[in-house]
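Peer 1: Work out the full structure: start from the sequences and follow the hints.
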Amino acid sequence: MEKYNWSLEKIYKNVDEARAEIKLCDEYVERLAKEEKTVKNLRNIMELSEKANRLAEKLYTYAYMKRDEDSRISEFQKLALEVNSLGTRLSSAMAFFDPFLMELSNEELENFYKEGDNEKYRVHFENILRFKPHTLSESEEELLANTSEMVGTGQNSFYMLSYADLDYGNIESKNGEKLTAANFNSFLLDENEEVRKEAFDKMYGTVSKFKNTYATTLYSAIKNLTILAKVKKYPSARYMELFQDCVPETVYDSLIESIEEYLPSLHKYYGLRKKALKKDKQYLWDLYLNLEKEFDQKYSYEKARELITEGLKPLGEDYIEVLNRGFEDRWVDVYPREGKAGGAYSWGSFDTDPYILMNYTDDLDSMFTLAHEFGHSMHSYYSKSDNDYLYAQYKIFVAEVASTFNELTLLDYMLKNVKDKHEKIYILNHYINMFIG
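Taking this note's numbering, the leading residue of the sequence shown gets 295, the next gets one more, and so forth.
If you're looking for bench data, these hints aren't it; they were derived computationally from the structure.
Do not take every clue at face value.
To be verified - Computed cross-link-like contacts, EDC-like style, restricted to lysine to aspartate or glutamate with a CA-CA straight-line distance of at most 20 angstroms:
{"hint": "1", "residue 1": "K414", "residue 2": "E434"}
{"hint": "2", "residue 1": "K328", "residue 2": "E435"}
{"hint": "3", "residue 1": "K713", "residue 2": "D657"}
{"hint": "4", "residue 1": "K468", "residue 2": "E488"}
{"hint": "5", "residue 1": "K587", "residue 2": "D656"}
{"hint": "6", "residue 1": "K414", "residue 2": "E432"}
{"hint": "7", "residue 1": "K345", "residue 2": "E330"}
{"hint": "8", "residue 1": "K328", "residue 2": "E471"}
{"hint": "9", "residue 1": "K505", "residue 2": "D461"}
{"hint": "10", "residue 1": "K496", "residue 2": "E535"}
{"hint": "11", "residue 1": "K372", "residue 2": "E315"}
{"hint": "12", "residue 1": "K345", "residue 2": "D682"}
{"hint": "13", "residue 1": "K505", "residue 2": "E432"}
{"hint": "14", "residue 1": "K587", "residue 2": "E485"}
{"hint": "15", "residue 1": "K505", "residue 2": "D495"}
{"hint": "16", "residue 1": "K710", "residue 2": "E586"}
{"hint": "17", "residue 1": "K710", "residue 2": "D580"}
{"hint": "18", "residue 1": "K317", "residue 2": "E296"}
{"hint": "19", "residue 1": "K345", "residue 2": "E324"}
{"hint": "20", "residue 1": "K328", "residue 2": "D459"}
{"hint": "21", "residue 1": "K568", "residue 2": "D580"}
{"hint": "22", "residue 1": "K678", "residue 2": "E344"}
Peer 2: So this is what it looks like as C-alpha cells:
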C-alpha cells in the first residue's frame, strides 16, 4: 500500500526528471570551474557553490534512496552511479577553493566579512581553515577529488553483494519464509529455537561462502583511509576521521575504556539470561530472545505511531504536529521486502523531507527504532528550519543525542503507563539490549 512507502515522488516524479537536473547541476559545475579566483569574486563563488551543492545533495538523496528501495533494479543502480560521478565532477571543480581561501590574509577576510551580510560566512570559513595543515595544493586536491569514485568501490561492492546478489534462502521451519538481510533480526526474536538457529546458520553460512570477497572490500576501505590520512599529513586514519567531527582522540579512548570497564556487567547479564532460559549452553542466536515468556505483544506500525506520539508529547505541541506530518506525508518506507536495504536510517537533503528507511516487523525493537529514526528526522527538520544551508548539517556525535533521547522518552512513558508486570519486564529487557547494541 502506498501509505507505507516513502514519498520520493515529491523529490522527482521519475528517473528522467532526476537526470534533467543532473544536466543543470553540471552547468553549475562548469561555471564554478571558470569562476575568477579573487576575494572580490568570493561571494559569487559561494552563492554558485551553494546552488550546485544543494542540487547535488538532492539528487544524491533521491538516487540512493531509490536504490535502497530495491537494489536489484539496474536503472536505480545506474542513476546512483551517475550521481556519484556528478559528485566527483563537483568536487574536482571546487578543488581550488580550500587552498585559495587559505592563501587569503586575515585582513582580506575581515574586509570581506564587513561587506553586506558576508559575516554569515565567518564560522564556515573558520571551520575550513582548521584543515589548513592537512590541505594540499590546488592540483593535488583536484587529483584526490578525481579519484573519489575509485575510493568508494569497496563500500559499493559490499552493498551490492549483501543486498542485491546474495540469496540467503528460505526458513523451512517457519513455513518457508524468505530470509533477507532486512528481516534477519525478526527471525532471531522467534520463540522457536529451530527457527532462530536456521536463520542464523543460513545468514552467516551464506556470508561465509564469500568471506574472501568481504575481507577484500574491508581491506580496500581501510587501505584507502590509511593512504588518504598519510597524504593529508594526519598522524593516523583514526585521527583524521575524528578531526572532521571535532572529536579529540581522548574522548574516543574514554568511550572504549568505559565499555571495557563495564564488560563484567554484560557477562553477568548473559549469565542471568542463560539461567532464565534454562540452557546448558547459550548460543549467538539466543542473545536477542526476550526473557519474558508470559508476554508476547505485537506492536503494529499504527500502534507504534500512537505510542510514539503519546510518549513524545512532553516535547511540545509543535513537535507533535510536525511528527504527525511526517507520518501523514509518508516520510517513512515501512516494511521489509526483497532487494530493499537492511537496517534503518534517517536521510534527506536541505531541499527534501527528512526521510526514514525502516524494516518494520511489528515488534518492540521496530517501534523503538522508529522512535530513534524520527529523532534524527525531527532534528534535521528543525535544523533546516532554523539555519541557513551552510549551518543546517550537524555532526554524528550531536545527532545521536536527539535519536537516543527519543528512545528514552518513549521508554519512560511506557514504563510509567504499563499495567502488566510481564509487559514491564518485556520492556526492561529491551532497555538492556539498547545499551548492548
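Peer 1: Evaluate each hint against the coordinates.
Peer 2: Now for the hints, and whether the structure bears them out:
1. K414 <-> E434: violated (29 angstroms)
2. K328 <-> E435: holds (17 angstroms)
3. K713 <-> D657: Between K713 and D657 the Cα gap is close to 19 angstroms, so the pair holds against 20 angstroms.
4. K468 <-> E488: holds (9 angstroms)
5. K587 <-> D656: Between K587 and D656 the Cα gap is close to 18 angstroms, so the pair holds against 20 angstroms.
6. K414 <-> E432: violated (25 angstroms)
7. K345 <-> E330: Roughly 17 angstroms between the alpha carbons, so the hint for K345 and E330 holds.
8. K328 <-> E471: Distance ~57 angstroms between K328 and E471 Cα, so the pair is violated.
9. K505 <-> D461: holds (15 angstroms)
10. K496 <-> E535: violated (35 angstroms)
11. K372 <-> E315: holds (15 angstroms)
12. K345 <-> D682: holds (13 angstroms)
13. K505 <-> E432: This hinted pair is violated, its Cα atoms lying about 40 angstroms apart.
14. K587 <-> E485: holds (9 angstroms)
15. K505 <-> D495: Answer holds: K505 to D495 is near 15 angstroms, not above 20 angstroms.
16. K710 <-> E586: Within the cut-off at roughly 19 angstroms; holds.
17. K710 <-> D580: violated (29 angstroms)
18. K317 <-> E296: Roughly 30 angstroms separates the two Cα atoms, so the pair is violated.
19. K345 <-> E324: holds (13 angstroms)
20. K328 <-> D459: Distance ~43 angstroms between K328 and D459 Cα, so the pair is violated.
21. K568 <-> D580: holds (9 angstroms)
22. K678 <-> E344: holds (15 angstroms)
In summary, the numbered hints that this structure violates are 1, 6, 8, 10, 13, 17, 18, 20.
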